[in-house]
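Order-wise, the sequence lines are chains A and B.
Read in this note's numbering, the first sequence has 97 at position 97, and its numbers run on one by one without any break.
Just remember that this note's numbering sits 309 ahead of the position in the second sequence, which is counted from 1.
I should point out that these hints are in silico values taken from the structure, not numbers from a laboratory.
A few of these clues could be false.
Said to hold, decoys possible - To give an idea of the chain A side of the interface with chain B (calculated C-beta under 10 Å), a few residues:
#1 Q116
#2 R172
#3 R175
#4 A176
#5 R178
#6 A181
#7 Q182
#8 Q185
#9 A186
#10 A187
#11 S188
#12 M190
#13 G191
#14 V192
#15 N193
#16 V194
Stated by the list, open to error - No farther apart than 20 Å at their CA atoms in a straight line, the calculated lysine to aspartate or glutamate pairs in the EDC-like style are these:
#17 B:K498 to B:E452
#18 A:K170 to B:E465
#19 A:K170 to B:D432
Owing to the predicted nature of the structure, the values given are computational and were not obtained by experimental measurement.
Just so it is clear, CB atoms sit at the ideal spot from N, CA and C, and this is done for glycine as well.
In case you want the letters, here they are:
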Amino acid sequence: MDIFLQQLINGLVLGSIYALVALGYTMVYGILELINFAHGEITMIGAMVSLAVINLLIGSTLDLPGVMIVFMGVLTAIPACMALGFVIERVAYRPLRHAPRLAPLITAIGVSIVLQNAAMLIWGRQYISFPPIIPIQRYEVLGATISNLQIFIFIFSALLMAGLIMLVHKTRLGRAMRATAQSPQAASLMGVNVNNIIAITFILGSALAAIAGVMVGAYYGLAHYYMGFLLGLKAFCAAVLGGIGNIAGAMLGGLLLGVIESLGAGYIGDLTGGFLGSHYQDVFAFLVLILVLVFRPSGLLGERVVERA
Amino acid sequence: MGAGSAGTAAIHGGRRLLLEVKNLAVAYGGVQAVKGIDFCITRGELVCLIGANGAGKTTTLKALCGLVPTAHGSVHYQQHSITNHPTHEIVRRGMVLVPEGRGIFSRLSVAENLAMGAYTRNDHAAIKSETDYIHSLFPRLYERRHQKAGTLSGGEQQMLALGRAILAKPQLLLLDEPSMGLAPLMVSKIFETIRHIAGQGMTILLVEQNAKLALEISHRGYVMESGLITLHDTASNLSTNPRVRHAYLGE
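With the hints as extra help, turn the sequences into a complete structure.
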């Protein structure tokens, strides 16, 4: 029982990070029907930028408290990633807006490779460790342990997602985003500047990715120029699981995928008599992707889109 | 321009001219859908553009709104060129199109669709009272305000599209085939509403295949054939014109 609870907690924490990244995929897909494969790399850039700022502040003579230093790191990573998301859309995707759908998809993969290599040139090939400047405390809950960092990640992600739902469903901007997602042409006939809405979508997704990147770096204590690749693919699986294009679906898919992965990693050793170990945890995301694509391609919350006859 | 330019000299002279289209041409790929047309609309007029399927009527409206690029020619609106301007800027200047197929946001609620109509405005009190006015014109929209717009019938969707366009406070309202696919009872309800808002001073360009209905409520009409305007006259003259009667009124 305690291993189940432990893996459930770990899964929900990991899943809330997946959900934040998955939102970026799903929001862009919802409006452009483009899978922005460079999104994982934006997460990586978020982790790297925050880490650079954190190390700079630790090395400085300012002697700031640990929480303050991490906060400054996040506060730098967010605008950096927002700017990056904006530039990527403007330079790489907008010129291809009316091109066949394969062209922007391949461009996205190209952007992803460019960002990986740029990060490698700037920060090197080695793993960079996140300095443990905030003391980790662990609490016992029903035989499982949970850390202050885990609690923070889960609650902060939940707040961000609640905020996003409010934005999308309760504001004029959110209404324009949903209208644009349904029909850019009809939205433009309402006076909506569709290019601005698309730019805002990229900027919002990138801000969430930046935060997720810092969370991943802090959670595993490591950052690496290649870290965005697998994280991005898993978040993409989460978005497809929830129903790509559906915001609530991305949240649900992220949490579910995190839990499936954690429980899978926790039990795979016992189930296979020790033949496969917990390092096979990455298999589960792609297993889920295959199962979803075979049995429910529209995802859990995705609508089988039937527009007027 | 064809025969019978009755009264146009006076119209062109005044500063009541709202829209002036000169030598407008639109091409898709190599195909010329609109081959150089001229027309104009003055404030307060209800003008119809009639013609058979594929004559270029819808393409003309799309070109006015910047939804398709023009090949050559010019569009002047309120004495300014808006040729090839972005659609959202044209809408913000008060030229509003209800497109063919209505352009309803089917996954947004009826109320949210109406709110999208007022997207460019922030005079909240006026929007509220005009939304009430739309509800009084179409009580069905009020009854179904929380429903997804995709669940409405075709006629209700057309009411929603019309109401939404009125909420944008247009100076010039462009209607593309408002009768398309609707039951006869609903068609007469929609046309009654068009006549009503025109009577309150709204300037309207109505594109219709149903020439009989369109000519009944319009002041003037243009007839379009294969990308060209072949006739232009007052609506009453057009409805007695033998060519129009033969080709479009089924006599």
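Status of each hint after checking the structure:
The interface hint given for Q116 (chain A) is broken, as the beta carbon of that residue sits about 36 Å from the closest beta carbon of chain B, more than 10 Å. With a cut of 10 Å, the hint placing R172 (chain A) at the interface with chain B holds, because the nearest CB-to-CB distance is about 7 Å. Annotation: R175 (chain A) was flagged as interfacial toward chain B, and the flag holds, the nearest CB pair being 6 Å apart, inside 10 Å. Interface hint at A176 (chain A): satisfied, since its Cβ lies 6 Å from the closest Cβ of chain B, which is below the 10 Å cut-off.
With 10 Å as the threshold, the beta carbon of R178 (chain A) comes within range of chain B, its nearest partner Cβ sitting at about 6 Å, so the hint holds. Annotation: A181 (chain A) was flagged as interfacial toward chain B, and the flag holds, the nearest CB pair being 9 Å apart, inside 10 Å. Hint on Q182 (chain A) holds. Least Cβ distance to chain B is approximately 5 Å, under the 10 Å limit. The interface hint given for Q185 (chain A) holds, since its Cβ lies 6 Å from the closest Cβ of chain B, which is under the 10 Å cut-off.
With a least beta-carbon distance of about 4 Å to chain B, the hint placing A186 (chain A) at the interface is held under the 10 Å criterion. With 10 Å as the threshold, the beta carbon of A187 (chain A) comes within range of chain B, its nearest partner Cβ sitting at about 8 Å, so the hint holds. Given hint, S188 (chain A) at the interface with chain B, holds; its Cβ is 4 Å from that chain's nearest Cβ, closer than 10 Å. Because the closest C-beta pair between M190 (chain A) and chain B is about 5 Å apart, less than 10 Å, the hint holds.
The beta carbon of G191 (chain A) comes within 4 Å of a beta carbon in chain B, closer than 10 Å, and the hint placing it at the interface holds. Given hint, V192 (chain A) at the interface with chain B, holds; its Cβ is 6 Å from that chain's nearest Cβ, closer than 10 Å. At its closest, the beta carbon of N193 (chain A) sits 5 Å from a beta carbon of chain B; the interface hint therefore holds under the 10 Å criterion. Hint status for V194 (chain A) relative to chain B: holds, with the closest Cβ pair at about 7 Å, below 10 Å.
For the hint linking K498 (chain B) to E452 (chain B), the alpha-carbon distance of about 18 Å falls within 20 Å, and the restraint holds. For the proposed pair K170 (chain A) and E465 (chain B), the alpha carbon gap of about 25 Å is over 20 Å, so the pair is violated. Taking the CA atoms of K170 (chain A) and D432 (chain B), the gap is about 18 Å. The hint holds against a cut of 20 Å.
The structure does not agree with the numbered hints 1, 18 stated previously, though it agrees with the rest.
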